[in-house]
Structures are given as structure tokens and as C-alpha cells.
Amino acid sequence: MMHKLNGRFRLLAASAALAMVMGAAQPAFAETPKDTLVEAFAIDDIITMDPGEAFELSTAEMTSNTYSLLVRLDLNDTTKVVGDLAESWTVSDDGLTYTFKLKSGLKFASGNPITAEDVAYSFERAVKLDKSPAFILTQFGLNGDNVTEKAKAADETTFVFTVDQPYAPSFVLNCLTATVASVVDKKLVLEHVKPVTPTEDYKYDNDFGNEWLKTGYAGSGAFKLREWRANEVVVLERNDNYYGEPAKLARVIYRHMKESSGQRLALEAGDIDVARNLEPGDYEAVAKNSDLATTSAAKGTVYYISLNQKNEKLAKPEVREAFKYLVDYDAIGSTLIKGIGEIHQSFLPKGVLGALDENPYKFDVAKAKELLTKAGYPDGFSVTMDVRNGQPVTGIAESFQQTLGQAGVKLEIIPGDGKQTLTKYRARNHDMYIGQWGMDYFDPNSNAETFTSNPDNSDEGKNKTLAWRNAWDVPELTKKTKEALLERDSAKRAETYKELQKTVLAESPFVIIFQQTEVAGLRGNLKGLKLGPSFDTNYVWNVSKE
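Residue numbers (mature numbering (1 follows the signal peptide of the UniProt record, and there is no 0)): -30 to -1, 1 to 516.
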């Protein structure tokens, strides 16, 4: 079958390329199979398919469709979770022990039964591998020495997880919806472990199947991974051993395609079913095409401009406030982020527990000048901003440059690629920076901790949050952020996060501009395609074709 699919990929690519050369949509040269969903998607960020290692946006979608978790985000109320493999769970009175009871009759795609021992092994390997996403589990006090005691099977269907502090249960459970908590088939993985010579940095004698799982598969999701070829294609196939409602289509093919215009033309030609990386102009063109449809969803990612408090001018409270009045939010919203974002000035995205839906700042040059005069800069000053090449950040930076100029502030834009700008930013060597922050897990702490916590503001500080990167020394906010993690009453916890957001709005060096909206264009015969609130909730098992 892969030989036939490979031929089809070449045909689809050729027809899309021809359409681009001709400069207009051509009659359909291909029609995707009735039992197959074909998506054009920029998947060049994928470096591994191991859920214990992967921490890229595209991989999150693949993992969430191919692996199961104890619990998942409740898409009807994203402040809650629902059971996936877990039928039920309880929290001890002291808030330290979580006991999960698994559903009965569960199987992996391999046919092996799913037991609590598989869950325990999945936690163990993620913690001991200690790859990028491991912190989501290790923040609960887990380490290589204690994980087998803190995350263990009490019996075949009971998994017990012990944390080091009485955290808010919503925080713990939300973290367990992250893909690093995916449950792997222990028996299958153990058949593929590679011996390793222990070192000072890695003291284990095997790789926990990491090398094999980079391209292999050991899950139990609605789909199973058939193949991943870097920068080319990912193929998923329906998992007939899935314990839930079977996927409606036999397979899903993600074709790597980066350019928005190429995706639109391929969609118009019928070569693909879904275009995933459309820029505003192409998205608008798709929306106007009667043969096509669009869908969108607000994501847990916010875009912001930050002011380094090491710069004495930017450290003045009046300057921080003035800059919030020098963003032309309406113009940015109606042009640069039209369809792909929504003006949003708080650090918690909509849909997250405690999120504020308030945008108090408007473009007001007179108000900004008044504040700059109060700060001692009636004629403005000069400042630089590091900007990663690409849209929409370049366009926003240029808009900000123009509006700052109206208040006498001369902004020099320093362009660079991601590595250049991030390296400088992480070293706190910038004046200003424009960037984005996406949630690591769907809990308010994921954003609160980075925007409002800075335990050590020295250059040697180890917690390199966004507050630290911008030298914003906030001991009281840091304390309050930590306390919010231990508030077990969800309503009270939500109120704490609202207070933190109001403080950031009024006092912080962060000019938060908008929340990302993920968009997709699709053929009119598709049913059930719905983007989720996070990148690991873009599920495809409900998709069907007429």
C-alpha cells in the first residue's frame, strides 16, 4: 500500500506545483480517497515521535491521536478533565495521593492488555529519560531515584501517583493531560530497548526504547502511527483495538507543505482535504470559495512585547504604561492578525481557569505623551527591539515603530532568525523583544509561572521565566503565584489568577497584544473536523467524508 501512496504523493505534489506555476487554481487533478484524510501541514518541526521526548507543536497532534492518557481535557469545559484510560480517580485528604482506577478490557494497538504497570512504566521512562517535557512530571517531586515508588501500580487496574505538596487537584490533573503522560506499551517497548553504558549524566543501562520510539509506535489511541518521514509525510492508520468509538476514516496522511499559497491551491484543486497553515489572505480566499469551508479555534498562545528592566528608561513605571497606549490594537486586529488572532491583553488565554476577558488599553498618543513627560522624557528617547523574521511579528513590530514615533520614541528594529533573537533574549541582552508564549499544559500555572514568577533575579538565576528574562523583580507576585498552586478550591484559585492578571496589566513590562487563533481550510465534503483549544486537542477520529 505504501508504494501506491508514494505514487499518489508524487501526483498530488505535481498537481499542486502545476497550479502554482499557472498562478491560478486548476481543475481537480486528483481526488483524495474516500477513506483517507489528507492534510497539508508544516511538519518540519517534528524531530521524534517518542511521547517521552517530543515537545513540538506538530508532534503534539500526532501523539494525541495515537496515544491514550489517564485523563484528557474536557472540550466542553476546558477548566475540567475527563477520564481517558481512567474510569475514575480519587485524591487523598492530605492532597498528596492520586489513585486512578483503569477501565476494564483495554488493549494496546499491539493487542497487549493495558495495565496499571504500563502507566507506571510510562511515568518512569519519561522521568528517567529526562527529555524536554519531563519537567511537567518532575515538578511534582519525581526523580530517577523515587519515581518507581511515587508512580506505581497497586494492582493490575489501579495506578497510584504521589506528589510532594498538596497542590490544587486541577493543576495536577491538567498536567496529566500533557502528551508526556501518554501511556506506552511496556511489553512492546522492552522488546526494543537498547543497552547503554551508564555515565555521570545518564546512570541507566538502557535507553527505555527511546531510539526505537523516535520512529516506532507503542500506543493505544484511535489511530496508530504507520510511518513518519522527516519533512515529508506522517501516515496514521485506524487502530482496530481502540477501546472507544472507532475512527470514521481508515487513515490520515499529513503531507509536509509550508507555503500558505501552495496549500490553498492544492485545496482548491482537490489534491488535499485540509490546509493547515493559511495566512490571512489565503484564509479569506478559501472562506469565499463555495466549494470549500473554514474552521478556527482560539489557542493557548499569546503574543507580547516585553521591556527589559535592565534599561533604566524602560524600567520607569510611566514608560511601561505609556507603551501600552502606543499599540494600535484596532489596526493590528483588522489587518495583520485578521482571522488568525484576536486582540487579548491578559497573559491567560481565553478558556483557561481564571482567564480575564478585559482589554483596558486603547491606542492613545496623548495619554502616552503625558506619561512619558511624567517619566522625564517629554521628547521621547531611542530604543531597540529584537524581532524574529516572519509574520505576523515583523508587521506588528513595524506598526509599533510607527506609533511609538508619534510619541517621539525612536525604535530601531533588529531582525534575526529564531536562534539569534532567542539567544539574545534568553541572555537578557535586549532592550525590547516581540515573541509568543504557548502553554505547556492547559492550566493557568503554565502562563502565570512565567509572567509573574521570578525567584532569583540575578543573572545566575536558574528559573529563567519571562519575568526573569526581562529582569522584572517581583518577590510578592512570585509568592502569590506559588500559593495559587496550593489552593485546592478552584473558585478561589481562579480569583487569585484574575488578581495576578490585573497586576500584570497595570504594572508589568509586558505589552500583551493578542491570542492566537488556529485556522484551517477544508473541502466542503468533510464532516466533523474541529480544531481544539490546544495543539494536542486537534483530534481527527471524528472526521468523515460525504
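None of these hints come from the bench; they were simulated from the model. Every value quoted in this text rests on a predicted model; they were computed, and no experiment measured them. Every residue, glycine too, gets a C-beta built ideally from N, C-alpha and C. Keep in mind that the hints are not guaranteed to be accurate.
As the list claims (entries may be wrong) - Straight-line alpha carbon distances no greater than 25 angstroms define the calculated DSS-like cross-link-like pairs of lysine-lysine that follow: (1) LYS432 / LYS450; (2) LYS122 / LYS71; (3) LYS432 / LYS394; (4) LYS4 / LYS500; (5) LYS320 / LYS337; (6) LYS344 / LYS286; (7) LYS283 / LYS101; (8) LYS122 / LYS173; (9) LYS280 / LYS515; (10) LYS184 / LYS173; (11) LYS101 / LYS157; (12) LYS462 / LYS449; (13) LYS450 / LYS472; (14) LYS280 / LYS434; (15) LYS173 / LYS432; (16) LYS258 / LYS497; (17) LYS280 / LYS449; (18) LYS283 / LYS320.
As the list claims (entries may be wrong) - Ranges between beta-carbon positions, derived for each pair: (19) LYS500 / THR364: 25 to 33 angstroms; (20) LYS332 / ASN201: 42 to 50 angstroms; (21) PRO216 / THR364: 20 to 28 angstroms; (22) PRO287 / ASN176: 53 to 61 angstroms; (23) GLU254 / GLN390: 26 to 34 angstroms; (24) ASP175 / LEU45: 40 to 48 angstroms.
The hints, checked one at a time:
1. LYS432 / LYS450: Since the Cα atoms of LYS432 and LYS450 sit roughly 19 angstroms apart, the hinted pair holds (cutoff 25 angstroms).
2. LYS122 / LYS71: Holds: LYS122 and LYS71 sit about 12 angstroms apart, inside 25 angstroms.
3. LYS432 / LYS394: Roughly 17 angstroms between the alpha carbons, so the hint for LYS432 and LYS394 holds.
4. LYS4 / LYS500: holds, 19 angstroms
5. LYS320 / LYS337: Distance of about 28 angstroms is beyond 25 angstroms: violated.
6. LYS344 / LYS286: holds, 10 angstroms
7. LYS283 / LYS101: Violated, because 39 angstroms separates the two Cα atoms, which is more than 25 angstroms.
8. LYS122 / LYS173: holds, 21 angstroms
9. LYS280 / LYS515: violated, 56 angstroms
10. LYS184 / LYS173: Cα-Cα ~21 angstroms, so holds.
11. LYS101 / LYS157: The given pair, whose Cα atoms are some 22 angstroms apart, holds under the 25 angstroms limit.
12. LYS462 / LYS449: With Cα atoms ~16 angstroms apart, LYS462 and LYS449 stay inside 25 angstroms; holds.
13. LYS450 / LYS472: holds, 13 angstroms
14. LYS280 / LYS434: Measuring from Cα to Cα gives roughly 15 angstroms; hence the hint holds.
15. LYS173 / LYS432: Roughly 23 angstroms between the alpha carbons, so the hint for LYS173 and LYS432 holds.
16. LYS258 / LYS497: Roughly 19 angstroms between the alpha carbons, so the hint for LYS258 and LYS497 holds.
17. LYS280 / LYS449: Within the cut-off at roughly 22 angstroms; holds.
18. LYS283 / LYS320: Roughly 32 angstroms separates the two Cα atoms, so the pair is violated.
19. LYS500 / THR364: 25 to 33 angstroms: Cβ of LYS500 to Cβ of THR364: about 31 angstroms, so the range 25 to 33 angstroms holds.
20. LYS332 / ASN201: 42 to 50 angstroms: holds, 44 angstroms
21. PRO216 / THR364: 20 to 28 angstroms: violated, 45 angstroms
22. PRO287 / ASN176: 53 to 61 angstroms: holds, 55 angstroms
23. GLU254 / GLN390: 26 to 34 angstroms: holds, 32 angstroms
24. ASP175 / LEU45: 40 to 48 angstroms: Roughly 42 angstroms apart at Cβ, these two residues keep to the hinted range, so it holds.
Violated hints, in rising order: 5, 7, 9, 18, 21; the structure is consistent with all others.
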